[in-house]
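Residue-level listing of the chains:
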Amino acid sequence: MEILAYILISTGLIFFLGTTIGLLRFPDFYSRMHAASKGDTLSTVLILLGCICLVSTQGEMNWLLGLKILLIINFIFIGSPTATHAMMDAGNKAGAEPWKKDSE
Amino acid sequence: MLLVLVRAVKGPTVIDRLVAINVIGTKSIVLLLFAGILFGQLEMFVDIALGYGLLNYIVSIAASRYYQHRRCLEPTHTANGGQPSRWKS
Amino acid sequence: MMPSLPIWQFDVLLLVLVVLFAVVALSIRNLMGAAVVFGAYSFMMCLIWAGMGAVDVAFTEAAVGAGVSTVFIVSTIYNTSATMRSRPGGIAFKLFIGVVVTLAGVFLLSALPDFPDWGDPNSPANATVAPYYIENSIRDTHVPNLVTSVLADYRGFDTLLETIVVFIACIAIYSILRIETAKSKTDEPEEDTATAPPSYDPSDSLIVRQASRFMVPFMQLFALYVIAHGHYSPGGGFQGGVILGASLILLAISFDLKFILRQWREKPLMLLVASGVCLYATVGLACMFTGGNYLDYGSLDSVLPNDRAMARSHGILLVEIGVGITVMFSMLAIHINLASNGRFDRGL
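Residue numbers (the working numbering), protein chains in the order written: chain V, 1 to 104; chain D, 1 to 89; chain F, 1 to 348.
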């Protein structure tokens, strides 16, 4: 169970590294947000799942704690993509230009 | 997280900064839980993390709604300082 | 099992991040960007306090500074201009400002060696009053969370005045911004958003609305849990009230502001803001009627069917509910005032 926790947390950290690199390197606002949202949500969910596994190995299983972390995962899973949708919509309405391949 | 802050600093448009702050907020929840694990008392920190996860969402929605109404990324000097905004659809 | 990292590295990292965020927030010209980065700075402060072990303060800072306060600033920028104008003045002026600020900073920092050590048992705070609270709080009030018992019972007057300060802030914003335009007195045709054409509101979005409808009941339930469980876990009246207010603000910004205004009209809202403070003061008066001092909850044991310590615990709960009510409706009233620029009809 502990090894599973470490695997999950390290996978989450790898995804977060990918998110950060994507956030820095993409040429356009829309693609940056795409990378940020997907990678960020997924990495957070993985790390928090790893935290649940860690918590269950410390002494006896504290169900309330695991349930609360599951609630955090739930809200981030629903809230973060919705916030990305709202920001993408705002960027679109406010007139941010998408990047075209020929206009460098 | 420092690298994400670079994007917040550099971001040519304001919405880039908004995205970066959203990512920093989500990662800070994870950081709070790590702090709880380091201290050994995770029960206290889970409540704060839960509360902040809900509030991070509100800030993103509020800021994006501002841009949806304003329809303009660059700040405009309102000619009549302080009067209520126009509602051009 | 877990590798024990030294905690000071975590603190140093957070301090560096706080300074970085503050510098970034101050140097961005666009006010919206600065506002959002300021919210993140606020959350870094919350992390520092959580790192120090002050979880109640961290909770309040996360809820107020990083959540609701940023929404207030965005609403204000929405109704005013969004640029920081460059200040006139040459290099000499800036040099003068730099020297003054540096001198003030050096003067403040020179008091640093005089502080007591971290967690010193002989410091004035820890040597005189704190041992009494630590030893006697559970016996006197049956409340394991020392912060709540000190805040609401041993130092009840201070919390009453803090609640009044929140109330005064709400009234101040209300009295400065609220204008009764002539248009609001005539019969304006009620715009029914259900039959209006879909492109009327530029920020109408089904996804955001449905997600907010999903999240608001959980937020309110969690906030009620925070208020009621403040005896045993970090929380209490202020934090729960702010999260309750934030849930209503979420409804206001994801649906239209008119949606909230239809349900919470101006007069009942203001009355409810005042009723929380009145509840707090009434509990104090009830203590006087049952024979004790003002805000001495122990004398409520003649009314409540418990012994003296449990009566104090129930008194703390009643007082926290009062604080929560005031803070919740203050947040909503301030948001409506700021977002609609005082007109109470449309806004962010």
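If you're looking for bench data, these hints aren't it; they were derived computationally from the structure. Note that the structure is predicted; figures quoted are calculated from it, not measured. One should not assume that every hint holds.
[As the list claims (entries may be wrong)] Derived list of chain F stretches under chain D, where covered just means 3 residues or more per stretch with a C-beta under 8 Å from a C-beta of chain D:
1) 24 to 35
2) 44 to 56
3) 225 to 234
4) 318 to 324
[As the list claims (entries may be wrong)] Label pairs and their calculated CB-CB ranges:
5) Ile3(V) / Ala127(F): 44 to 52 Å
6) Thr57(V) / Leu26(F): 41 to 49 Å
7) Leu109(F) / Pro27(V): 52 to 60 Å
8) Glu162(F) / Ile3(V): 31 to 39 Å
Just so you know, even glycine gets a beta-carbon here, dropped at the ideal spot from N, CA and C.
Consistency of the hints with the structure:
1. 24 to 35: Result for this restraint: holds, n = 7.
2. 44 to 56: Contact hint for the region 44 to 56 of chain F vs chain D: holds, 7 residues under 8 Å.
3. 225 to 234: It holds: at least three residues are needed, and the region 225 to 234 of chain F offers 3 whose Cβ sits within less than 8 Å of chain D.
4. 318 to 324: Not satisfied, violated; 0 residues make the cut.
5. Ile3(V) / Ala127(F): 44 to 52 Å: Since the Cβ atoms of Ile3(V) and Ala127(F) sit about 48 Å apart, the hinted range of 44 to 52 Å holds.
6. Thr57(V) / Leu26(F): 41 to 49 Å: 44 Å, holds
7. Leu109(F) / Pro27(V): 52 to 60 Å: 44 Å, violated
8. Glu162(F) / Ile3(V): 31 to 39 Å: Given about 49 Å between the Cβ atoms, the range is violated.
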